[in-house]
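Chemist: Hints in hand, dock the two standalone chains.
Quick mapping for you: the protein sequence lines, in order, are chains A and B.
No gaps in the numbering here: position 39 of the first sequence is 39 in the numbering used here, and each next residue is one more.
No gaps in the numbering here: position 5 of the second sequence is 1005 in the numbering used here, and each next residue is one more.
Derived from the structure by calculation, the hints contain no laboratory data.
Note that the Cβ used here is the ideal one computed from N, Cα and C, for glycine as well.
Some clues are possibly wrong.
From the structure, some residues in chain A lie toward chain B, with a derived Cβ separation under 8 angstroms [stated by the list, open to error]:
no.	residue
1	Y26
2	N65
3	G68
4	D71
5	V85
6	L88
7	D90
8	S94
9	R97
10	S98
11	N109
12	I111
13	P123
14	S125
15	Y126
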Amino acid sequence: MSNAPPSAAATGRKSVARTVQLTKTYRLGNRLEVHALRGVSLDFQDGDFVAIMGASGSGKSTLLNLLGCLDHPTSGQYFLAGRDVSRLDDRALSSIRSRYIGFIFQSYNLIPQLTVLENIQVPLSYQRREVPGGRERAIRLARLVGLGDRLHHRPSELSGGQQQRVAIARSIVNNPHIILADEPTGNLDSATGAEIMDLLESLNRAGRTIIMVTHEPDIAARAHRIVRLRDGRIADISENAPRAGP
Amino acid sequence: MLKRLVQKLRLGVSSLMLHKLRSALAVLGILIGVTAVIWLVAMGEGVSYQAQQQIKDLGATNIIIRSVKPPQESTRAGGSFFIEYGILREDYDRILANVPTVRRAVPMREIVREVRRMDRVLDAKVVGCTADYLALNHLSLARGRFLADRDDEQLENVAVLGHKTAAVLFPYEDPIGQTVQIGADFYVVVGQTAERTASAAIGGSLEAREYDTDVYIPLSTLRWRIGDMVMTSRSGSREGEIVQLSQITATVENLDEVDPTAEVIRTLLQKYHKVVDYAVVVPKELLRQAEMLRMLFNVLLILIAGISLLVGGIGIMNIMLATVTERTREIGVRRALGATRQDIILQFLSETVVLTGMGGLLGVAFGFLCKPAMSAARWAMQRLLPEVMATLPPNIRNLEPRITLWSIVVAFAISMVVGVVFGLYPARRAAYMDPIEALRHE
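Looking at chain B on its own, in the form it has when it is part of the complex (with noise of 0.2 angstroms):
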């Protein structure tokens, strides 16, 4: 059975070497489309990857509570001059005293302050914020060390610079001792991060967040110096925010207590909130969105390749239909000689499976190209158009294919079904050809 199986595909390629660029054609076609489910399946993996490795980095046991403005008419002092908003510093206590799940809480305040050194300045996101902080969001120090509890108690004025906030300030020199002054008081800065890549914006849940450009004070040194009110001045008339804290990062021990501790949390906010001024998101929640989004995305790429596949199907059917025509004598011969029908349908049927074959396996190879290809792209796009590279999102300047083995599998069985499919019917038209007529074909 193997040996007859064997030998029809051998006498199926040595039929089909009798047309060499007709049968590179028609593989080429297949080849092209196995090949695009692999490259779309592994970008589409590599981008979702990315999500998911940003959601996890804002950590599956952790519940993020936000500040988020309010619409303009609904702020709690209604026709004053300053808008009051968001999570209070009595949240946080109230949290850590009421949900015995939290098992620690990391409060930040961010504002967006005038950073000076000497003659340079920089608009810097001045993040006021605990020791916690630096784990909590994957930083690491490139210099120094990083706040620490007694810099909050004692309210020190020290600082730690971003990666891209210590270039701009000190170009030439080591920042650490020097002091940096926000607003009108001055700060040592005791360290400096590494660069770390912005994550994106998830969903619409959670903000893009550049670190490069921070710059972190202790958060009571923050409370103290610079105060809950923020000024901005907009086409001619002023106007006054009151946010006591930006975030509350709140962790739990286990898995299962995220959705039940969320819960508890968003109860007590409600009940001390008039307005909803807050968000509270659940980084879990996030991840299995990113999941089902993943899917969707997915089963998209699938159909789009799915039609390339049925674009090369046809043209496969188009050759072998060419074929049959070709060599209606030697049918009429084989039948003579004892073939039955279906012996005719498996000869034909072999011959278009080797050519869906090869080309499937030719596209599993060129699909492996992938991530050399995509390296190769961004290499001359940087070299030819710097400018248009720079304005891309870094989610898609960052992009890492990632190559499944589902996606190759897949690709691989369409091809092969698309063989089957679409050489049945040249092979049955062959197989039911009058043996007589066939013979008496020129």
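Just chain A, same shape as in the assembly (with noise of 0.2 angstroms):
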């Protein structure tokens, strides 16, 4: 907990997910060991707005997948909604990612088969109990981001930040306590990702938490705070001054 941030206990916001000391080592054959977490301790509040960043090899993509439930680490706590999540099975995990975790994929991820509408309401699928008015919810976020007209377009038929957007939606679809973005702008130009960047702003406006790896500071500064890795630990946290609104 020594470099946590202050700013957890200032504010007095609810902690949403918080990690406690958390490593993971790959076994690469019998004796190479890869250390790509070496004691990672963050708090993230409701509301948040952090942005990962980090060279290639410093750990971000193991963090987003253990924040992900995607992993288990090899020592260490995550705690997700007031819960130890660092040690359950599979099963668990599943339904833990499909409550409390929105996914946003550097390549859209959609499912190519299915349409616009189709791909929001994925995640909902996969609730234990079933949404009512789920289809009716999908198609306001389809609204909420800008593609109301394009509900039964094929994500073949969109642009990628359309493709982008459509994703977004369905990140937010179950009502997550945490949105975790995977460099959302990496395959789009400097425009479009201006763009879905001000969706996410404005979805973190609306109380959204969101955790977003990525390797372009202009980028990263459009989030509060910004957590730099360096070899698996954190080298830095920084604080932006908060933007002006539109």
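Modeler: So this is what it looks like as structure tokens:
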């Protein structure tokens, strides 16, 4: 907890996700061990917007995978929604992902054979309980991201920016506690990337917690905080001045 | 729950539509398997139905006693020029007198003789019988009348011609009232039977019987005019046979009386025959044997068709493995979005089951084409290779496939089981991928 940001206590806001001395070691072959994370403790509050930066190999993808409950840490703890999820089995982790986490990927990762509307609804089909009015909710979100007129198009009929908008709508359809974005603008030109960032910012203003991995400084500058990783450790945490509203 | 299932199936269909040709080929494999099951079983059922029909024609309440030529050295009149064997007229009387359960017994004697009409000659089977013979063998008349009891009592020289016999001897005229010559005697034709398809041999117990080349005359007339003796010339030497009756058909009242009555008749005949020169055939027993044979046949057919379904299943598995590899990324995305391993298994399994289910449904649809396909094949054979067609045995020539409900149910069920069995491995493979690896897959 030594390198936990002081703002956590200062703001007095609710913590939604917290890591304690998270480490991850990959074993390659018999002897070679790769220490991807060497003890990372972070605290994310409700409504946070955090950018994680670092050179390739710094451990930012590993951290994102652990935050997304796609992997187990070698040691350390990860609290999500007040519960240690670092030792849960596959089935429980799937359930955690479906309830608390929204994913946005660099390459959008929409399912090609499904329409926009169906893509947005995919996370709902994995909820343990049937979500009433799921379709209406998906339509509302499609309008929110500006694709109300493209509901029945397939991903191949959309531009990159439009596909990422669909992905963003998909990431919030299950009302997650945190949204994890992995280089959300990495495949987009800067103008489209800026639009996507506007969209993420507006979501954040609406109260969504966003954790974003990026290596572009001007993208990271849109976040409230920037966490820099180096060799699996937190090298630096900086606060951005709150930007003026549009 | 049902809604989710429908959703899964719809998703399966839309994924399969991505590769139409590939999916179509996979469906084809199952389709052929299912169609094969239905067609093979339908044909097998058709054949056995024919056999059963014939056995039923013999009558389940009948007991057939036939003369059988015993092995040469053990004949009754050993060393004599004549071989005497078979059922005796006394046997007929004895059966009627001593077996109370026998309601009716119809004796019959058949001899192959040359039948003439002017310059037309035919080697016909001359059947000496009584009036009951017509009904007993389910024959019907085309013209005139059948033999009457009075003909037998008065030793009338009257004859009823079979369909083909009449056609050969009287190609242009009405045979009724005309005369035919059998041996040295002339007979007045009083009737003609309608055409009847020959019955096939059943097991080894009954020979095939063709009715169309028959000539029927009263039994007593046959005894009086022709006698019991048959002379045959074979490779220079002459041989004589003395047979009194070729067959007696005994009828009992109830089905349960068949077996005990047959037993009594056997015992009775044993007492008066030193050698076994007769056979007691029970059609009811034949029916049971035919049933057994049919079951065996069906099991064999299902085995063969099952192998073709297995091959289809392997094809499906191959395609699903390719699909899983191709859609690794999608699997990773779905896992990240909250899908459990079970969700992934169900997704791919439902795709396989949609494939095999479609194959199964189409297979059933094609299965119903068995009858038209058979008649088309028959028609083509008749047009292109009539001489080959003529050499086929009648039960193949006249085969009517009978589609049975159980074969459809079994075939469809097997196709679904194939889908689950062969879909499970690819689906599990998809489910146990590491989601991180899967997301990174290009």
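Chemist: Could you run down the list of hints and mark each one as holding or not?
Modeler: Outcome of the hint check:
no. : hint : verdict
1   : Y26  : 11 angstroms, violated
2   : N65  : 5 angstroms, holds
3   : G68  : 7 angstroms, holds
4   : D71  : 6 angstroms, holds
5   : V85  : 14 angstroms, violated
6   : L88  : 12 angstroms, violated
7   : D90  : 6 angstroms, holds
8   : S94  : 4 angstroms, holds
9   : R97  : 5 angstroms, holds
10  : S98  : 2 angstroms, holds
11  : N109 : 5 angstroms, holds
12  : I111 : 5 angstroms, holds
13  : P123 : 5 angstroms, holds
14  : S125 : 7 angstroms, holds
15  : Y126 : 4 angstroms, holds
Comparing the model with each numbered hint stated earlier shows that hints 1, 5 and 6 do not hold.
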